[in-house]
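S.K.: Chain by chain, the residues:
Number of protein chains: 2
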Amino acid sequence: MFTILIDSQKQIPIYQQIYEYIKEEIKNGNLVYQDKLPSSRGLASHIAVSRNTVDLAYSQLVSEGYIEARPKSGYYVCDMSQLVDIKTHPVDTVLEKEEKKQQYEYDFSFQGVDMNYFPYNRWRKLLKEVMINDNSDLFQIGHRQGDFEFRRAIKEYLHQSRGVNCSENQIMIGAGSDYLLMLLSRILGTNHKIAMENPTYLSSYRTLKELGFEIQPIEVKEKGMDIKQLEESDASLAYVTPSHQFPTGTVMPISRRIQLLSWARKGENRYIIEDDYDSEFRYLGKPIPALQNNDTEGKVIYIGTFSKAIAPAIRISYMVVPKELMKKAKATLSCYSCTVSRIDQAVLGRFLQEGYFERHINKMRKIYKTKHDRLVKALAIFGDDIRILGESAGLHLVIELKTQINEKRFEEECEKGSIKITAMKEFFIEPVKQESSKYLLGFARLREDKIEEAVEKLYRACYTCV
Amino acid sequence: MFTILIDSQKQIPIYQQIYEYIKEEIKNGNLVYQDKLPSSRGLASHIAVSRNTVDLAYSQLVSEGYIEARPKSGYYVCDMSQLVDIKTHPVDTVLEKEEKKQQYEYDFSFQGVDMNYFPYNRWRKLLKEVMINDNSDLFQIGHRQGDFEFRRAIKEYLHQSRGVNCSENQIMIGAGSDYLLMLLSRILGTNHKIAMENPTYLSSYRTLKELGFEIQPIEVKEKGMDIKQLEESDASLAYVTPSHQFPTGTVMPISRRIQLLSWARKGENRYIIEDDYDSEFRYLGKPIPALQNNDTEGKVIYIGTFSKAIAPAIRISYMVVPKELMKKAKATLSCYSCTVSRIDQAVLGRFLQEGYFERHINKMRKIYKTKHDRLVKALAIFGDDIRILGESAGLHLVIELKTQINEKRFEEECEKGSIKITAMKEFFIEPVKQESSKYLLGFARLREDKIEEAVEKLYRACYTCV
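In order, the protein sequences belong to chains A and B. For the numbering used here, count along the first sequence from 1 and bump the result up by 18. For the numbering used here, count along the second sequence from 1 and bump the result up by 18.
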């Protein structure tokens, strides 16, 4: 008979103590294949617990396959000959260090946004309203493309501010542009060669490459992607940033846009992926319409994000898919649910529809313009030794140093001086084209009153390397 | 000279009116390639606006590529010969109907959860706390695998309740299991044949197939996936639901788990994908540990979700990747940011850490158990004509009708009577194996006090088809 030590003072339920005891006996080999267990009635009376308790322990053991019930006979130990394989494995308790981004005193990083002006209170208020009003519905599964009302809000915003023409049905909401590219790779298949501007946004380059696309780098000339090179390549997709080329900052003129669209029309499977990543911020005149605005044949797949305009952690991006392509995409898309929570969709939807987004953008545009202008002004200390490139748009500009400097030393000097800058050459798709002495200066994260100081530090770093 | 009608009463800024006018003139062919524009000073004085205003309009036209500035000469119209291509395209204003799910009076659907008990107030309160305390940080970009604290909360939960052994570094957070499968397809590559239980959760089947995997259906026997068939196949991945096989409801016993693990050990690239989709709900004894608990060789990729336990719209799932595989995966993963918003991570993290999740699960387990038991009891009216299959776990059970019925008519009768049931045969991977007269009865969405009525309706529908 079993000698189970039942401790009714323990936190562990009695049935579980019985279960654990028998399991151990099996594991230790004290109970082997074909052994018969005591009847539940017998065991219950032996250890003075209720029969239900023993039954529960036995059921658990049966469920997990340690013992089996034979009708009209009783409980028997199963074949555990391979059980020796089972041991708990040691868990790696040494934690990898969290990747920690280095903090710079003078942060000319081209990424990130100025979060000091994020409308936390408004966001919180909308969140509260959403949670109170629409409670239960928002916790049920939503539409796979994103909630209709939210897509409507985005449609209207895109039409008004970017000239994008589409219906709600063509909009897909997704958690981040990289996710949308992933989805797109499922819709189009990866049996495409993608022409990419060179230099380009390397993060998209890496994602597209990782997804299995073959990449064809195409030179960026004054008007953007070189059309002749594109025509000569056998690319069927072209990934472009026409409103504000990354990283050079050039705007693709209308003539080049037309050429690009006619390139796309020449092949049934040709598409243009327009990444409109920071078009909200233009400091001169009105925003330049999206390339999608000129597309009459359903050749432009338009991708945008709220990461730049609101906050990096708002993982909400959108993709406008041409109508015909959308029809074909439905079957693919039926496998994937929307990756953005409905609560976030509702909050951002209201933020758009009630005009807060526009106000926020206007405010941020002013703030960034001030920083931009102040940076340009401060850079005057370099005199004729630098040239500022790129349109007055976006959250970074490009400088070209005209004096001969030792670049490697310059970059080391910056690092030493806690200055974060990024060399243009880092944005070239391999093989790296040496684009000497061009640097990106982002100004979103720079404190306004630190700009002159930062530029002065940069100036000193530069002239110790001449 | 231009005759621009400037209307200073209009909402539209004056510079924009000038810009629009000139753009139209170019589009209409009134201004052609090489035409010289009036100087900004001249035009300003002509139409009586400031020179800055005209400069702004010209800059915009230059930016968009309609005109160009020639140094020391003036502004000239660009080559617009292909401009005829540009017209605004009609937008589809007829909206597709939103897919609307049919509402059933007696909803035995196997999907969905009972949302009447969702702790809205608690969730709202945590959300409020999170928004107040950790504001700004949460709007900056987070860790690509998910925030460390949140992963720690999940690690602890999984260890305690599912016996899963892992470190935070092995956990990936993602917006939905379908997204995690997508990510997994990037990590493993799709050059694999996946063995899947047949019948299985078709939604995963479709996703894996869509992702490009070749699928090898393997029969589900009493103990789960047939190991002999698996060994004979050339599959290198096996997708299983060991804790509660979907849809049959069987639990994979320890002996089969060991066999499965030794199958995986036989090939370097072999892995088991364990989908632990509803293991929180077990009504008898304690939960059965996850298969991952028995894995000593890093062969089990464990996937779970909060959709069943909390709410379908909580798009938060997790994947535990074996340590060695995680090392290899880092490069792939570096291309993708986390798809779950940091606010949601923070709220759910607290929900877990402060014990609310456990309490919620305990409450729901009781509620579902009551429904489950009441359903089983109500089904007694069928007498010996049905058999109830599957473990007392999860949110559905399976009935097998032993009387000969005309299935097609039975299903039509149910539809007519507003009864939602799902036939087992629908879960077979093609070619459909006729698994006659088995049906899934979900009970999560059934109102408790309607269960007897629902079963009675089902009974009548059944007996009109004998």
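Calculated directly from the structure, the hints in this document are not laboratory data. Just so you know, these numbers come straight off a predicted model, no measurement behind them. Mixed in with the good hints there might be a few duds.
The list treats identical chains as interchangeable, and a pair is accepted whether it falls inside one copy or across any two copies.
[Claimed, not checked] Computed cross-link-like contacts, SDA-like style, restricted to lysine to any residue with a CA-CA straight-line distance of at most 20 Å:
hint	residue 1	residue 2
1	LYS41	THR314
2	LYS41	SER179
3	LYS246	SER203
4	LYS90	TYR219
5	LYS41	GLY92
6	LYS211	GLY230
7	LYS227	ASN209
8	LYS227	ILE205
9	LYS246	LEU343
10	LYS227	ARG204
11	LYS41	LYS468
12	LYS348	SER221
13	LYS468	ASP97
14	LYS227	CYS353
15	LYS284	ILE406
16	LYS381	PRO31
17	LYS241	TYR93
18	LYS211	ILE245
19	LYS28	ASP252
S.K.: Within a copy, between copies, both or neither: which one fits LYS381 and PRO31 at a CA-CA cutoff of 20 Å?
M.R.: between (61 Å within a copy, 18 Å between copies)
S.K.: Is the C-alpha distance from LYS284 to ILE406 at most 20 Å within one copy, between copies, in both cases, or in neither?
M.R.: neither (37 Å within a copy, 61 Å between copies)
S.K.: Go through the copies and call it for LYS468 and ASP97: within, between, both or neither, with a Cα cutoff of 20 Å.
M.R.: neither (74 Å within a copy, 44 Å between copies)
S.K.: Within a copy, between copies, both or neither: which one fits LYS348 and SER221 at a CA-CA cutoff of 20 Å?
M.R.: Close across copies (15 Å), not inside one copy (27 Å); limit 20 Å.
S.K.: Taking 20 Å as the upper bound on the Cα-Cα distance, should LYS41 and LYS468 be classified as within, between, both, or neither?
M.R.: Intra 67 Å, inter 41 Å, cutoff 20 Å: neither.
S.K.: Up to 20 Å between alpha-carbons, please classify LYS28 paired with ASP252: within, between, both or neither.
M.R.: neither (73 Å within a copy, 49 Å between copies)
S.K.: For the identical chains here, do LYS241 and TYR93 meet the 20 Å Cα criterion within one copy, between copies, both, or neither?
M.R.: This pair counts as between: shortest inter-copy Cα distance 17 Å, intra-copy 81 Å.
S.K.: If the cut is 20 Å between Cα atoms, do LYS41 and THR314 qualify within a copy, between copies, both or neither?
M.R.: between (70 Å within a copy, 19 Å between copies)
S.K.: How would you label the pair LYS227, ASN209 (within, between, both, or neither) given a Cα cut-off of 20 Å?
M.R.: both (12 Å within a copy, 17 Å between copies)
S.K.: At most 20 Å between C-alpha atoms: does LYS246 with SER203 qualify within a copy, between copies, both, or neither?
M.R.: Neither way: LYS246 and SER203 sit 26 Å apart in one copy and 36 Å across, limit 20 Å.
S.K.: Is it within, between, both, or neither for LYS211 and ILE245, if the alpha carbons may be no more than 20 Å apart?
M.R.: Classified as within: same-chain Cα gap 16 Å, cross-chain 42 Å, threshold 20 Å.
S.K.: Given identical chains, is LYS227 near CYS353, meaning Cα to Cα at most 20 Å, within a copy, between copies, both, or neither?
M.R.: between (23 Å within a copy, 10 Å between copies)
The structure does not agree with the numbered hints 3, 4, 9, 11, 13, 15, 19 stated previously, though it agrees with the rest.
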